[in-house]
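Colleague: For reference, the chains in residue letters:
Protein chains: 4
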Amino acid sequence: MFKKIITPRISETNITRHIGHTVIPAWLEEGYEEIILLFSQDLAEPSLITVNMNMDFLHEIFFGKDVEILTGVKKVGTSSFVLQQEVYQERRLCVRASTTLVHFDYSTHKPASIPKTLRNILKEHVSASL
Amino acid sequence: MFKKIITPRISETNITRHIGHTVIPAWLEEGYEEIILLFSQDLAEPSLITVNMNMDFLHEIFFGKDVEILTGVKKVGTSSFVLQQEVYQERRLCVRASTTLVHFDYSTHKPASIPKTLRNILKEHVSASL
Amino acid sequence: MFKKIITPRISETNITRHIGHTVIPAWLEEGYEEIILLFSQDLAEPSLITVNMNMDFLHEIFFGKDVEILTGVKKVGTSSFVLQQEVYQERRLCVRASTTLVHFDYSTHKPASIPKTLRNILKEHVSASL
Amino acid sequence: MFKKIITPRISETNITRHIGHTVIPAWLEEGYEEIILLFSQDLAEPSLITVNMNMDFLHEIFFGKDVEILTGVKKVGTSSFVLQQEVYQERRLCVRASTTLVHFDYSTHKPASIPKTLRNILKEHVSASL
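Residue numbers (the working numbering), protein chains in the order written: chain A, 9 to 138; chain B, 9 to 138; chain C, 9 to 138; chain D, 9 to 138.
Worth flagging that the hints you see were computed from the coordinates, not collected in a lab.
Cβ atoms here follow ideal geometry from the backbone N, Cα and C, with glycine treated the same way.
A hint or two may mislead.
[Claimed, not checked] In the EDC-like style, the derived pairs of lysine to aspartate or glutamate whose C-alpha atoms are separated by at most 16 Å in a straight line are: (1) K12/D x D50/A; (2) K73/B x D50/C; (3) K73/C x D50/B; (4) K73/B x E41/C; (5) K12/C x E41/C; (6) K73/B x E42/C; (7) K73/D x E41/A; (8) K12/A x D74/D; (9) K73/D x D50/A; (10) K73/C x E41/B; (11) K73/C x E42/B.
[Claimed, not checked] Facing chain B, according to a computed beta carbon distance under 10 Å, are these residues of chain D, among others: (12) H29; (13) T30; (14) V31; (15) A52; (16) F71.
[To be verified] Okay, the calculated beta carbon distance ranges per label pair: (17) G85/A x S48/D: 29 to 39 Å; (18) F70/D x P119/C: 54 to 64 Å; (19) G85/C x H117/B: 51 to 61 Å; (20) D50/D x E76/A: 22 to 32 Å; (21) L78/B x G85/A: 25 to 35 Å; (22) D113/C x D50/A: 20 to 30 Å; (23) H67/B x P123/D: 48 to 58 Å; (24) I129/A x I129/D: 45 to 55 Å; (25) L66/B x L66/A: 24 to 34 Å; (26) H67/C x E76/A: 36 to 46 Å; (27) S48/B x N128/D: 41 to 51 Å; (28) H67/A x T125/D: 44 to 54 Å.
My request is simple: use the sequences and hints to build the entire structure.
Modeller: Below you can see the structure in the form of structure tokens.
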């Protein structure tokens, strides 16, 4: 499981006085930054593509208190895997998300098997619950 | 069904040379702007909350060509409804999304029935497919 | 002079009920998009770098009404030039900005002379006032 | 002087492989967050307005290394003051900015004198250089 602290920004606080839901995917991406860099050290030459993102917005998030993002692996397939993420503010679960990423070979423009070493690392982060 | 044209911005084009997925929810929100304003003319006093957003990223979106967002209503419940959206660039379906919104009464802090007039308007936008 | 219409987004409307000033540089960049593309068709291989941006915020900008961005050239030097921009909403001048861009050679990592053809195009857009 | 650490985000890294200049004002705002909150604890009822922002972009900022923002007060007037900010990455000065803020009375819609207590706090942060 990966942990990441995000400090909500003034500019992310919208007219309804809380953090808009449109901000959340950028935060979630920070939560799985280590996994992205595991597959490719060079952000400009990525080998992962995001094919699905599903977010449940359970509670408002406010400016003024840090947010904690927990990231685990839910499922590992041949060429894809699913991340499970939870965003907490003051110990309250505010967002639950799952994101499906595909290991992609840009030279053939097709999904590619996840190499064994990376598969093993991903499996270490699989858990029944976060 | 609602139609909205978005011009991808230079600043929305990320290091992988296409529009990052983190940008999409803000575009989708523009797609259902009319529905938000139907429920409340004052953005600062909204009566809708977003409880779920599910996005399938089917194809990359690039800078340089306008994007068309189609928005229809998938399902109308007592106090909530589900929108279905499709984002096209050059007639290619790039993103398919569904978003669940709840009619919310901020005074009681509870979900509230969708008024009949609004329900009827939403139902006019229900379609088997976009 | 270049003209560009921007539709303020819900997600750009901040907690103080207007468009936050942090959003403006991305809009201004859309205003001089044609100039960027004049110097390089490939955004990933730019030949301009932004070295200064100065913005006067004269009036609040609100969600709900389109904004017009006027862009002219203020001054053309050997390897740099200054743009002058004005952002209007409902005919009211809301932002005045000047941006200094340098023609840059990434192979030598040094400023480079602006080619004569491009200089002439820039000069066509010079005006005493917008 | 105020110090703030910002971690550049993947989503802030643009097609030219570095952090786009359009991202910087939101970072700078985080740098003077304490000053904003000094004037009003409630972000929705601010008493400061930003009237000018001038940024020199001296060096590219990259994803992967934290950034340090130093914020000092340059000048204090009757109803306005100027902040001076410097953004460093790996001890290299990347951005120098000055921002003019006006103490504003939203009830009369006019600039208002800065209260003596706040003026004194601002003066403690004045320095010849950062």
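Colleague: Now tell me if each hint is right for this structure.
Modeller: Evaluated hints:
1. K12/D x D50/A: Violated - the C-alpha atoms of D50/A and K12/D are around 27 Å apart, more than 16 Å.
2. K73/B x D50/C: 14 Å, holds
3. K73/C x D50/B: Distance of about 14 Å is within 16 Å: holds.
4. K73/B x E41/C: It holds: about 13 Å lies between the C-alpha atoms, which stays within 16 Å.
5. K12/C x E41/C: 9 Å, holds
6. K73/B x E42/C: Holds, at about 14 Å.
7. K73/D x E41/A: At roughly 13 Å apart (the allowed maximum being 16 Å), E41/A and K73/D satisfy the hint.
8. K12/A x D74/D: 14 Å, holds
9. K73/D x D50/A: 14 Å, holds
10. K73/C x E41/B: This hinted pair holds, its Cα atoms lying about 13 Å apart.
11. K73/C x E42/B: Given that 16 Å is the threshold and the Cα spacing comes to 14 Å, the pair holds.
12. H29: Cβ of H29/D sits 9 Å from chain B, so the hint holds.
13. T30: 4 Å, holds
14. V31: At about 8 Å, which falls below the 10 Å cut-off, the nearest Cβ of chain B leaves the hint on V31/D intact, so it holds.
15. A52: Since the shortest Cβ distance to chain B is 9 Å, the answer is holds.
16. F71: 8 Å, holds
17. G85/A x S48/D: 29 to 39 Å: 51 Å, violated
18. F70/D x P119/C: 54 to 64 Å: Roughly 21 Å apart at Cβ, these two residues miss the hinted range, so it is violated.
19. G85/C x H117/B: 51 to 61 Å: 59 Å, holds
20. D50/D x E76/A: 22 to 32 Å: 25 Å, holds
21. L78/B x G85/A: 25 to 35 Å: The hint (25 to 35 Å, Cβ to Cβ) holds, given that L78/B and G85/A are roughly 31 Å apart.
22. D113/C x D50/A: 20 to 30 Å: Given a distance of about 23 Å, which is inside 20 to 30 Å, the answer is holds.
23. H67/B x P123/D: 48 to 58 Å: Cβ of H67/B to Cβ of P123/D: about 56 Å, so the range 48 to 58 Å holds.
24. I129/A x I129/D: 45 to 55 Å: With a Cβ separation near 50 Å, I129/A and I129/D satisfy 45 to 55 Å, so the hint holds.
25. L66/B x L66/A: 24 to 34 Å: 27 Å, holds
26. H67/C x E76/A: 36 to 46 Å: Taking Cβ atoms as reference, H67/C and E76/A lie about 39 Å apart, which means the hint holds.
27. S48/B x N128/D: 41 to 51 Å: 43 Å, holds
28. H67/A x T125/D: 44 to 54 Å: At roughly 36 Å between Cβ atoms, T125/D and H67/A fall outside 44 to 54 Å, so the hint is violated.
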